[in-house]
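If you read the sequences in order, they're chains X and F. Just so you know, full-length UniProt numbering puts 403 at position 403 of the first sequence, and the rest follows in order with no gaps. Just so you know, full-length UniProt numbering puts 133 at position 133 of the second sequence, and the rest follows in order with no gaps.
Misleading hints may appear alongside valid ones.
With a straight-line cut-off of 20 angstroms between C-alpha atoms, the simulated SDA-like cross-links for lysine to any residue are [claimed, not checked]:
no.	chain 1	residue 1	chain 2	residue 2
1	X	K157	X	R126
2	F	K444	X	R176
3	X	K157	F	P216
4	X	K157	F	D448
5	F	K157	X	G243
6	F	K157	X	A106
Note that these hints are calculated values from the structure, not bench results.
Protein chains: 2
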Amino acid sequence: MTIRELEDQQLLRLREVFGERVSTVKADLIAHGRDEGYPDTHAPQAVVYAESEADVVAALRLARELHVPITPYAAGSGLEGNAVPWRGGISLDLTRMNRVLLIESANFSATVEPGVLYPELSRQARPHGLFFAVDPGAEASLGGMAATGASGTAAVKYGTMRDNVLEMRVALLDGRVLRVGSRAPKSSAGYDLKHLFLGSEGTLGVITELTVRLWPLPASAASMQVSFASVDDAVTATVMIIGAGIGPQRLELVDAETIRAVNFYKGRSDAEQPTLWIEVIGRDGADVATQLALVEELCRESGGAVTGRATTEAQRTELWTARHHVYYALRAMYPGHSNRLGDVCVPIAALPGAIAITQQLLREHQLHAPIVGHVGDGNFHLLFHAAPEDAATWERIALVSDTITREALRMGGTCTGEHGVGIRKRKYLRDEHGEALDAMREIKSLFDPYGLLNPGKIFEE
Amino acid sequence: MTIRELEDQQLLRLREVFGERVSTVKADLIAHGRDEGYPDTHAPQAVVYAESEADVVAALRLARELHVPITPYAAGSGLEGNAVPWRGGISLDLTRMNRVLLIESANFSATVEPGVLYPELSRQARPHGLFFAVDPGAEASLGGMAATGASGTAAVKYGTMRDNVLEMRVALLDGRVLRVGSRAPKSSAGYDLKHLFLGSEGTLGVITELTVRLWPLPASAASMQVSFASVDDAVTATVMIIGAGIGPQRLELVDAETIRAVNFYKGRSDAEQPTLWIEVIGRDGADVATQLALVEELCRESGGAVTGRATTEAQRTELWTARHHVYYALRAMYPGHSNRLGDVCVPIAALPGAIAITQQLLREHQLHAPIVGHVGDGNFHLLFHAAPEDAATWERIALVSDTITREALRMGGTCTGEHGVGIRKRKYLRDEHGEALDAMREIKSLFDPYGLLNPGKIFEE
Numbered sequence: 001m002t003i004r005e006l007e008d009q010q011l012l013r014l015r016e017v018f019g020e021r022v023s024t025v026k027a028d029l030i031a032h033g034r035d036e037g038y039p040d041t042h043a044p045q046a047v048v049y050a051e052s053e054a055d056v057v058a059a060l061r062l063a064r065e066l067h068v069p070i071t072p073y074a075a076g077s078g079l080e081g082n083a084v085p086w087r088g089g090i091s092l093d094l095t096r097m098n099r100v101l102l103i104e105s106a107n108f109s110a111t112v113e114p115g116v117l118y119p120e121l122s123r124q125a126r127p128h129g130l131f132f133a134v135d136p137g138a139e140a141s142l143g144g145m146a147a148t149g150a151s152g153t154a155a156v157k158y159g160t161m162r163d164n165v166l167e168m169r170v171a172l173l174d175g176r177v178l179r180v181g182s183r184a185p186k187s188s189a190g191y192d193l194k195h196l197f198l199g200s201e202g203t204l205g206v207i208t209e210l211t212v213r214l215w216p217l218p219a220s221a222a223s224m225q226v227s228f229a230s231v232d233d234a235v236t237a238t239v240m241i242i243g244a245g246i247g248p249q250r251l252e253l254v255d256a257e258t259i260r261a262v263n264f265y266k267g268r269s270d271a272e273q274p275t276l277w278i279e280v281i282g283r284d285g286a287d288v289a290t291q292l293a294l295v296e297e298l299c300r301e302s303g304g305a306v307t308g309r310a311t312t313e314a315q316r317t318e319l320w321t322a323r324h325h326v327y328y329a330l331r332a333m334y335p336g337h338s339n340r341l342g343d344v345c346v347p348i349a350a351l352p353g354a355i356a357i358t359q360q361l362l363r364e365h366q367l368h369a370p371i372v373g374h375v376g377d378g379n380f381h382l383l384f385h386a387a388p389e390d391a392a393t394w395e396r397i398a399l400v401s402d403t404i405t406r407e408a409l410r411m412g413g414t415c416t417g418e419h420g421v422g423i424r425k426r427k428y429l430r431d432e433h434g435e436a437l438d439a440m441r442e443i444k445s446l447f448d449p450y451g452l453l454n455p456g457k458i459f460e461e
Numbered sequence: 001m002t003i004r005e006l007e008d009q010q011l012l013r014l015r016e017v018f019g020e021r022v023s024t025v026k027a028d029l030i031a032h033g034r035d036e037g038y039p040d041t042h043a044p045q046a047v048v049y050a051e052s053e054a055d056v057v058a059a060l061r062l063a064r065e066l067h068v069p070i071t072p073y074a075a076g077s078g079l080e081g082n083a084v085p086w087r088g089g090i091s092l093d094l095t096r097m098n099r100v101l102l103i104e105s106a107n108f109s110a111t112v113e114p115g116v117l118y119p120e121l122s123r124q125a126r127p128h129g130l131f132f133a134v135d136p137g138a139e140a141s142l143g144g145m146a147a148t149g150a151s152g153t154a155a156v157k158y159g160t161m162r163d164n165v166l167e168m169r170v171a172l173l174d175g176r177v178l179r180v181g182s183r184a185p186k187s188s189a190g191y192d193l194k195h196l197f198l199g200s201e202g203t204l205g206v207i208t209e210l211t212v213r214l215w216p217l218p219a220s221a222a223s224m225q226v227s228f229a230s231v232d233d234a235v236t237a238t239v240m241i242i243g244a245g246i247g248p249q250r251l252e253l254v255d256a257e258t259i260r261a262v263n264f265y266k267g268r269s270d271a272e273q274p275t276l277w278i279e280v281i282g283r284d285g286a287d288v289a290t291q292l293a294l295v296e297e298l299c300r301e302s303g304g305a306v307t308g309r310a311t312t313e314a315q316r317t318e319l320w321t322a323r324h325h326v327y328y329a330l331r332a333m334y335p336g337h338s339n340r341l342g343d344v345c346v347p348i349a350a351l352p353g354a355i356a357i358t359q360q361l362l363r364e365h366q367l368h369a370p371i372v373g374h375v376g377d378g379n380f381h382l383l384f385h386a387a388p389e390d391a392a393t394w395e396r397i398a399l400v401s402d403t404i405t406r407e408a409l410r411m412g413g414t415c416t417g418e419h420g421v422g423i424r425k426r427k428y429l430r431d432e433h434g435e436a437l438d439a440m441r442e443i444k445s446l447f448d449p450y451g452l453l454n455p456g457k458i459f460e461e
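Chain X on its own, in the form it takes in the complex (with noise of 0.2 angstroms):
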């Protein structure tokens, strides 16, 4: 494949046709070129901002008449280099297209431009007395969840983005605008190409506007948590939580490691051990206490010991800040370290095994990592840190984190739970789809025959 840079006769096309609305000023080009977690910047040449979905079609048709290849960006949230323009050319800014078009409560939905950060729609939902569920942590654009797959520690309760999507406006390469997916609850009528749209990561084409599921807001919440001897006694509770009906909310779980993390940052003493974080939901105060009640009993019988219980908003925050702090604990205690974070998914009964592995793979290469898992997913994360020119730790890592993804493949799990493939997955994709990869790419050719869409993504060049 060969991409041409952006001549200059191309950037007179572009501001032809989007004027002030296209930039080259060298601050937005490298601003555009990154995102959370990858560690190289790979800059656009041009910038075109969109402030509607007649532009996001004027950018793709004009990228198919320049061949440059036109990469979506939105929060720059990502985790995988997803929204990093690996071959330059345009970066399709989408943060102007941020207004949530409709709430509709009888319908528990809302539609809205893909710019959109999930944390505005919730509180716009709110006075509604309902929520979106989908919570990645990041301030995270709603167009690049719905086009990562991403999902968050409530997906135990309320599915992944792939599951709060109603219907999606997606505009491809050849200037067409498909809506895919459909307002009602359900519908059987003919391919499902809403879900091919979902997690493509911008490479078969833009979503320009998405219908997403809310949630009606609890009435109550309470919380708890508990350390256990081990990973392995932690699932099995889990295991029995979720077998029981409870339904969580949330089931996080942490290991040793992070608990000390967030012990020094937070000037806590909770028990360095394998530790669950568990939110349950109910109709009223008395409902949540009878169900942390039962999750305490079946904690126990895995020799579970309750180190927090929470009922109040106040005490529910206290208990969950040791949970989201743990990224900054972790900064803290390394302070100047850059990181990476591991995302593997696994089948649940799995999970301990995996663990285990992952632990002792910690081990014989000395590092330290804490785990966060999205336990009743199967899916945990590894907070690999390092200096950033600390080459020979980060060859470790990136041993570590192979090795790691591999085994999640051998137990019939996936090398990415919720961050997408970007660029450091792709290689793994063969392993786990074998000849269904082969259909992937067919399908790609099918939307974008010139490789212009978010090229060097998913796929291996």
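Based on these hints, arrange chain F on the given structure of chain X.
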């Protein structure tokens, strides 16, 4: 497209490969030429009884070699002609692939062959404290349900077939077998081919194995029957029940006409008004009693009157028998009549309007057709019926059905909520999907360049 019939030479070749597993017995051909809901029979020229994935692959390869159509068939419980071999050729019977291969209780999953009937899976899962949650009512096969994107009464709680398949093996026409999806609870690793095959009705490939989700058996359940002055009031109550976060297991609406039929059939005297059947589940009797009290309060706010209540297993069976006997009631009321089942789905808020238009159309055209709705999903069925030879009535049924479907589309709904496209719904896909239909055709061509996989379905020829 030219599709040749099987010639003697071709039959010889089939027998060479499949021996006794090929049938050309007339009764077999006719049995494989129809389903539960499509009025016409289109017999295949041969039935191949696959006993393994290798048989499926061999049959697909032969279909390609001989250039004859091939249509998968299992329970034959489809309603739109989904498995009817419209263009003849080979009917690929999967009923002998009926083994539950694996139940992994700690993963809340089961792996099955496509011919397994879903009640059988629930039966085998019960000793593990689990069940399979998608229940379309008929004795459907799991492969067929996946291929149709089926759902049923419990979708409001557990989702549809699309939400309950984790992984599949799919045999393609070119002999490849793809593994799509993942046994990990979530993944963002590349294009979602699983959802592309789910609901593709055997037009892209043949499902040879499925790993599906199992759910914990509810510890306790209770039901309530509530009658309302209008469908509007019943839907208002539904939105309030969902909005209160109760998350009922079932939320079924029937119209006055249906209650009349059930009263006649079962010798009951329920109020002949729009009626909701609601089932809630919980951790114990007190939990479901509290939920039921809240449901009752919300229904009363919309003018609902409780006409039945069931807390014991025996009472629940009695209460739901009425709902489940709607079809039999109809048959008893109109002996000798044939049926046709309407199936549209709209955004929940549009449901009262859709049902009002439907009732008006039925009155205008002097048709009696009970309305049965999975109201929590915005999905409703019309139970049309007439004497088989009554051409004038069938013509009115076709007209009314067509008008309702187009109205549903106008409201942002879908032409089929859970029965698939099959033959009769093909003509609505352009209206429903616009240019996305062209993209679907392009994908069809990719996987089936000769139009041999279940030709005549989903797309108009």
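Each hint tested on the structure:
Distance hint between K157 (chain X) and R126 (chain X) is fulfilled; the C-alpha atoms sit about 19 angstroms from each other, no more than 20 angstroms. For the given pair, K444 (chain F) sits about 19 angstroms from R176 (chain X) by alpha-carbon distance, which is consistent with the 20 angstroms threshold. Proximity of K157 (chain X) to P216 (chain F) is assessed by CA-CA distance (about 14 angstroms); at most 20 angstroms being required, the pair is judged to hold. At roughly 38 angstroms between alpha-carbon atoms, K157 (chain X) and D448 (chain F) are farther apart than 20 angstroms, so this suggested pair is violated.
Distance hint between K157 (chain F) and G243 (chain X) is fulfilled; the C-alpha atoms sit about 16 angstroms from each other, no more than 20 angstroms. Taking the CA atoms of K157 (chain F) and A106 (chain X), the gap is near 17 angstroms; set against the 20 angstroms cutoff, the hint holds.
Hint 4 from the earlier list is the only one contradicted by this structure; the remaining hints agree with it.
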